[in-house]
Amino acid sequence: MAVITIDKVSRWFGNVVAVNDVTMTIGPGITGLLGPNGAGKSTLIHMMSGFLAPSSGAVTLDGAQIWRNQQVYRQIGLVPEKESMYDYLTGWEFVLANAELHGLADPGAAAKRAIALVEMEYAQERQTGTYSKGMKQRVKMASALVHDPAVLLLDEPFNGMDPRQRLHLMELLRRFGADGRTVLFSSHILEEVEQLARHIEVVVAGRHAASGDFREIRRLMTDRPHRYLVRSSDDRRLAAALIADGSTAGIELDTAEKALRIQAINFQGFTTLLPKVAREAGIRLYTVSPADESLESVFSYLVSS
Amino acid sequence: MNTTVARLTARGLFGRRRILILLAVPVLLLVIAVIARNSTLDKLELAHSILGNLALGTLVPITGLIVGTGVIATEIEDGSIVYLLAKPLPRWQIVTTKLAVAVGAAWLLSALPTYLAGLILYGSADGIAAGYAVGTLVAGAAYSALFLLLGVVTRHAVIAGLAYALIWESLIGNYVEGARTLSVQQWGLSLTQAVAADGTVTAPVGLSTAVWLLIVAAVGATALASVKLAGLTLNGEE
Chain V
1 MAVITIDKVS
11 RWFGNVVAVN
21 DVTMTIGPGI
31 TGLLGPNGAG
41 KSTLIHMMSG
51 FLAPSSGAVT
61 LDGAQIWRNQ
71 QVYRQIGLVP
81 EKESMYDYLT
91 GWEFVLANAE
101 LHGLADPGAA
111 AKRAIALVEM
121 EYAQERQTGT
131 YSKGMKQRVK
141 MASALVHDPA
151 VLLLDEPFNG
161 MDPRQRLHLM
171 ELLRRFGADG
181 RTVLFSSHIL
191 EEVEQLARHI
201 EVVVAGRHAA
211 SGDFREIRRL
221 MTDRPHRYLV
231 RSSDDRRLAA
241 ALIADGSTAG
251 IELDTAEKAL
261 RIQAINFQGF
271 TTLLPKVARE
281 AGIRLYTVSP
291 ADESLESVFS
301 YLVSS
Chain U
1 MNTTVARLTA
11 RGLFGRRRIL
21 ILLAVPVLLL
31 VIAVIARNST
41 LDKLELAHSI
51 LGNLALGTLV
61 PITGLIVGTG
71 VIATEIEDGS
81 IVYLLAKPLP
91 RWQIVTTKLA
101 VAVGAAWLLS
111 ALPTYLAGLI
121 LYGSADGIAA
131 GYAVGTLVAG
141 AAYSALFLLL
151 GVVTRHAVIA
161 GLAYALIWES
171 LIGNYVEGAR
181 TLSVQQWGLS
191 LTQAVAADGT
201 VTAPVGLSTA
211 VWLLIVAAVG
221 ATALASVKLA
231 GLTLNGEE
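For the protein sequence lines, the chains are V and U, in the order given.
Per the UniProt record's numbering, the very first residue in the first sequence carries number 1; after that it's consecutive.
Per the UniProt record's numbering, the very first residue in the second sequence carries number 1; after that it's consecutive.
FYI, nobody ran anything at the bench for these hints, they're computed from the structure.
All residues carry an ideal CB built from backbone N, CA and C; glycine is no exception.
Warning: the hint list may mix true and false statements.
[Stated by the list, open to error] Covered by chain V, according to a simulated footprint, are these stretches of chain U (three or more residues, beta-carbon under 8 Å):
1. 70-80
2. 86-99
3. 221-234
Hey, can you work out the whole structure from these sequences and the hints?
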């Protein structure tokens, strides 16, 4: 069993604190590292993959320090975010070189197996420089898997992938998770993380904002107060009917905008209530738009709670 | 030595268009030697100018700069070094392998052409060609090691290396006597003097001083590069 432990870890660059007193444990199965851009996800992954020293605290793999310890790479497979990967090599040469660098007994067989795993045999004789983003991602995966590692770290693996490639990669990662490997990937898209990860760690502005089962995180994210802007055929009557229900905390009649500003408490409750109330009262809804659905507002809510 | 690292490094170094520039300079040196061969000027003077100033003083440091930084700085710059470093390989092994490729390339592109230019220009008399060949061999190796270190410690390795080669060695080293003791070019010249016939070459730095400083510089730079590579940090997203 391979477990990565991040213990009271901070990392600063000059005056900028990129990661602030984070403690988390990443065990077998798939973990999603979720957070907006610039939250410190890459900094955390760089520390977990031994390419950055923590300014304070410790990052360990099964108790062994990762920084300046190249033996950990026997267990870690890393899929970096950057795309550059010896463009002059073919896919096959690249994966084979990675197998050789690991000192595997039969690098040819290992490379063959890894390429088959990501289904890249059809393009293995082409130079990686000619690959599409999704193909590069898959060959990078093959290079990370060539030594059959217990831990797989992926930095924004879905960036720039088309939906088909995305599904394929998700399926692949699910398989590794099911095998009992420790798989950690970072993303700034909740839906992506939710589809794949059983366990989610959320980082916002360098801080560990939430940790747990995706349903729990989803609930945290959806149960926050939501603001809506609603226009209807009879705003006043609609407001009166809505305020009677428990899922609404406040309604403001904006006469300038000719709209209702509604603060809902319960996301699920409110979204089913609104059309029901409108229909029963014979009111037509013209506009229903969420006022603060940006990812940043969702995350900042998580941090403050 | 790690053959995979060597293979990747050599392909990265020679597989790019840069190699054409690298080849153009030694070819130019040979052309100059052929032209000078028919000159009526003093042959020994010419040999010192072409083999000493041009080859040892300019060709060798520039080649050393290009191959020394080329074997590692490019990979660090574009991030592909990650694939070498995320492996259970001792860092000194990566550094020494890359250094071996750089030294081999420096010899091929500067020491060998210098020797050939010496033979064309002066024949094998007085050990002049052999002397400058030995001088460029050791200087090429030392430059490769120093510039490889620069490639690991700074993202501006080429600029820093150029500044060292041009300002320190060519400018200050030629006018300030003390600076010559700390000049790779002068160390190379000491070995040239040792190999060439007595009285044909004058070197300001004593042989034993030069040999020791060469060893200290090359070994020290390689050791430091290994340590620095083991602590190589990737830029965060911030």
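Point to revise | Hint numbers not upheld by this structure, sorted from lowest to highest | key: none
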